[in-house]
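Engineer: All chains, full assembly: derive it from the sequences and hints.
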Amino acid sequence: MSELLSDTALDQLFREARTFNAWLPKDVSDEQLHQLYDLAKFGPTSANSSPMRVVFVKSKAAKEKLSPLMSDGNRAKTMAAPVNAIVATDHAFHEKLPQLFPHADAKSWFDGNQPLIDITAFRNASLQGAYLMLAARSIGLDCGPMSGFDNAGVDAAFFAGTQIRSNFMINIGYGDASRDLFPRSPRLTFDEACRVE
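Mind the numbering: the sequence shown is residues 1 to 197 in full-length UniProt numbering, read in order.
Hints should not be assumed to be uniformly reliable.
Said to hold, decoys possible - With a straight-line Cα cutoff of 25 angstroms, these simulated PhoX-like cross-link-like pairs (lysine-lysine) come out:
| hint | residue 1 | residue 2 |
| --- | --- | --- |
| 1 | Lys63 | Lys77 |
| 2 | Lys26 | Lys77 |
| 3 | Lys41 | Lys58 |
| 4 | Lys77 | Lys58 |
| 5 | Lys26 | Lys63 |
| 6 | Lys41 | Lys107 |
| 7 | Lys41 | Lys96 |
| 8 | Lys26 | Lys65 |
| 9 | Lys77 | Lys60 |
| 10 | Lys77 | Lys65 |
Treat the hints as calculated values from the structure; they're not laboratory data. Every value quoted in this text rests on a predicted model; they were computed, and no experiment measured them.
Structural biologist: Written as structure tokens, this is what we have:
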């Protein structure tokens with residue numbers, strides 16, 4: 001497990017990967033969505049909490065439900081993407097800890113402690129959302145992550161009656177590099193962002 005990935009793989013995952021705003025008219029199959037989740041689920045979370053929940057919006061009816069909840073600047077590109085992944089956080093994730101972390105009574109660490117539930121859920125579901133993007137890129141798909149939508153509206157439309165709350169959105173498909181692809185923005189250098197002590 002210590003072998004360095006090829007430059008081609010590193011380019012695909014990081015160096016050449018971009019946030020796409022335009023999409024080729026090419027379908028993303030349900031099998032591909034299963035494949036990318038089945039990769040992403042192996043990314044680490046604290047106590048194997050796995051609080052991310054995802055709705056992959058593909059059907060015409062689901063897109064019609066989502067469309068009015070997007071900000072004006074995000075609506076067209078979201079509707080054009082083959083798939084919109086609503087990355088969400090289950091604030092009752094600890095109920096599944098007996099299944100996911102069976103070697104300790106981890107559920108009791110969270111019972112009755114809503115602040116701990118909320119911060120653990122949000123942190124780890126956000127991590128899992130990043131894993132989901134890397135998994136999508138690893139199987140040849142492109143991503144367009146974003147906020148810019150009515151979270152409360154999405155929660156009511158897609159997660160009513162649950163403790164699941166939307167976090168961010170990822171448009172998924174095959175990006176069209178000939179349209180609406182902005183120049184890569186600068187990144188901070190190691191010395192600007194890090195220190196070694």
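Engineer: Against each hint, give a clear statement of whether it holds in the structure.
Structural biologist: Verification of the supplied hints:
1. Taking the CA atoms of lysine 63 and lysine 77, the gap is about 12 angstroms. The hint holds against a cut of 25 angstroms.
2. Our distance criterion of 25 angstroms between C-alpha atoms is met by lysine 26 and lysine 77, whose separation comes to about 14 angstroms.
3. Pair hint lysine 41 plus lysine 58 holds up; C-alpha atoms about 21 angstroms apart against a cutoff of 25 angstroms.
4. A hinted pair counts as satisfied when its Cα atoms are at most 25 angstroms apart, and lysine 77 with lysine 58 qualifies at roughly 14 angstroms.
5. A threshold of 25 angstroms between alpha carbons decides the hint, and for lysine 26 with lysine 63 the separation of about 17 angstroms falls inside it, so the pair holds.
6. Our distance criterion of 25 angstroms between C-alpha atoms is met by lysine 41 and lysine 107, whose separation comes to about 20 angstroms.
7. At most 25 angstroms may separate the alpha-carbon atoms for a hinted pair to count; lysine 41 and lysine 96 meet this at roughly 15 angstroms.
8. At most 25 angstroms may separate the alpha-carbon atoms for a hinted pair to count; lysine 26 and lysine 65 meet this at roughly 22 angstroms.
9. With a CA separation close to 15 angstroms, the supplied pair lysine 77 and lysine 60 stays within the 25 angstroms bound.
10. At most 25 angstroms may separate the alpha-carbon atoms for a hinted pair to count; lysine 77 and lysine 65 meet this at roughly 15 angstroms.
Of the numbered hints stated above, none is contradicted by the structure.
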